[in-house]
Amino acid sequence: MAKRENPTKESGARNSQEAELLRGEATSELLRELVAHLRQNRTQLREEWVVRISETRLLTAMTKEEIFAEATSVYDSYVEALETETFEALQAYARNLSERIIPRGVETHEVVGIVLLLRDVLARSLFAKYQTDFKKLNRILDAYEPAANRIANTVAVGFVQERERVIRQQQEAIRELSTPVLQVRERLLILPIIGVIDPQRARQLTEQLLRGIRTNRAKVVVIDITGVAAMDVTVANHLVQTVEASRLLGATVIVTGLSPEIAQTLVTIGVDLGKMNTVGDLQGGIEQAERLLGYKVVTLAEPR
Amino acid sequence: MEVPILKQGDVLIATFQAALSDADLNQLRRGLVLQVVKHRSRGVIVDVTAMDVMDSFASRTLREIAHMIRLRGAETVIVGIQPEVAFAMVQLGLTLEDVATALDLEEGLSYLIEKFKNVD
Chain A
559 MAKRENPTKE SGARNSQEAE LLRGEATSEL LRELVAHLRQ NRTQLREEWV VRISETRLLT
619 AMTKEEIFAE ATSVYDSYVE ALETETFEAL QAYARNLSER IIPRGVETHE VVGIVLLLRD
679 VLARSLFAKY QTDFKKLNRI LDAYEPAANR IANTVAVGFV QERERVIRQQ QEAIRELSTP
739 VLQVRERLLI LPIIGVIDPQ RARQLTEQLL RGIRTNRAKV VVIDITGVAA MDVTVANHLV
799 QTVEASRLLG ATVIVTGLSP EIAQTLVTIG VDLGKMNTVG DLQGGIEQAE RLLGYKVVTL
859 AEPR
Chain B
5 MEVPILKQGD VLIATFQAAL SDADLNQLRR GLVLQVVKHR SRGVIVDVTA MDVMDSFASR
65 TLREIAHMIR LRGAETVIVG IQPEVAFAMV QLGLTLEDVA TALDLEEGLS YLIEKFKNVD
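Residue numbers (our numbering), protein chains in the order written: chain A, 559 to 862; chain B, 5 to 124.
Next comes chain A alone, as it looks inside the complex (with noise of 0.2 Å):
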């Protein structure tokens, strides 16, 4: 009994590794036919897909002529991965779509739209080239449907990857421009602050003005505050470094424009204040910079 079982389990065995074998020959073969079909119909097909991406009204960012050079790309980097059975060039091709379409205030939802469009333009043409053989068709479809959806999937992967990016450069954008590190004098550099400080965008704060007092040589600079509502401990704390980092670069830090919350918040936190040299707005700061710069400034004549 024993020794006529296992030459069956074994037999088994290989049967469906070579049947593994065999389906994944298969496979190949329907997707080589399958590319040909896409290939020889490509004028037509790609046609079809355009009319149905204006049908649904996607991509209106765009003129008729960009839709069609894209779609153009689109259909041919989508057969080739079905081709190829590689995704890299698709993704590297995503990749460069997006780069090029986002600024033209394209959308995601716009970008899965076109592709899952192209998806079943060609799924429809299948289904019409092999509708009198049922088995076949399925046997195409099995080939074609895990690949229509990794190549779905690579693009819209892509599409959104980019779109971080681009967020994520937008953001350090934001942050640079809001944090200016301005001179006005010989020596006197002036840091408006407005808006929100968070952690990070102190962290920066102090990083640029360091970097500012170093290219400027400042030996003053009054730190503007009079446009932020409120800072928590955290910040406060950074507000103090960043004025003892600025002295060990041998440059005196005036604090103007203390609101009366913000006062509340550095003494509760027990700031030691002789540390810090504050006045109470910009003009005042401005007028003690001076002084301790060695400038006097002196009406000439009357305004004109």
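Check before you lean on any hint, since a few could be wrong.
[To be verified] Mimicking DSS-like on lysine-lysine, the simulated pairs with C-alpha atoms at most 30 Å apart in a straight line are: (1) B:K121 with A:K833; (2) B:K119 with B:K42; (3) A:K854 with B:K11; (4) A:K854 with B:K121; (5) B:K42 with B:K11; (6) A:K833 with B:K119.
Because the hints were derived from the structure by calculation, they are not lab data.
Position chain B against the provided structure of chain A, taking the given hints into account.
Here is chain B on its own, set in the frame of chain A:
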């Protein structure tokens, strides 16, 4: 590694090279004070431009150097702390608070000359 100490009139200038060991710092502390005594210097500039990191030992040694030199009636200025180093220092709480600092050699010399004038 020895720290070169140059004399410029009433001022001594000690220039740090990149990485100083604890032993080097100790040697500097001894050597610098001896030089102040020998030349009757009125001011010392310690140039740390080449230092890319400042740990608590270095920071403490610099403060000790400044205190010792002050006991000899001379003033110390630390110059050339890099922005990244300054930032790291304040985060660690190493503020060098009772030691004068300036942006660079030029500023350090200006500071000392001003100081000498006031004393005179």
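Each hint tested on the structure:
| no. | hint | in the structure |
| --- | --- | --- |
| 1 | B:K121 with A:K833 | holds, 26 Å |
| 2 | B:K119 with B:K42 | holds, 21 Å |
| 3 | A:K854 with B:K11 | violated, 36 Å |
| 4 | A:K854 with B:K121 | holds, 22 Å |
| 5 | B:K42 with B:K11 | holds, 11 Å |
| 6 | A:K833 with B:K119 | holds, 21 Å |
In this structure, only the earlier hint numbered 3 is contradicted, and the remaining ones agree with it.
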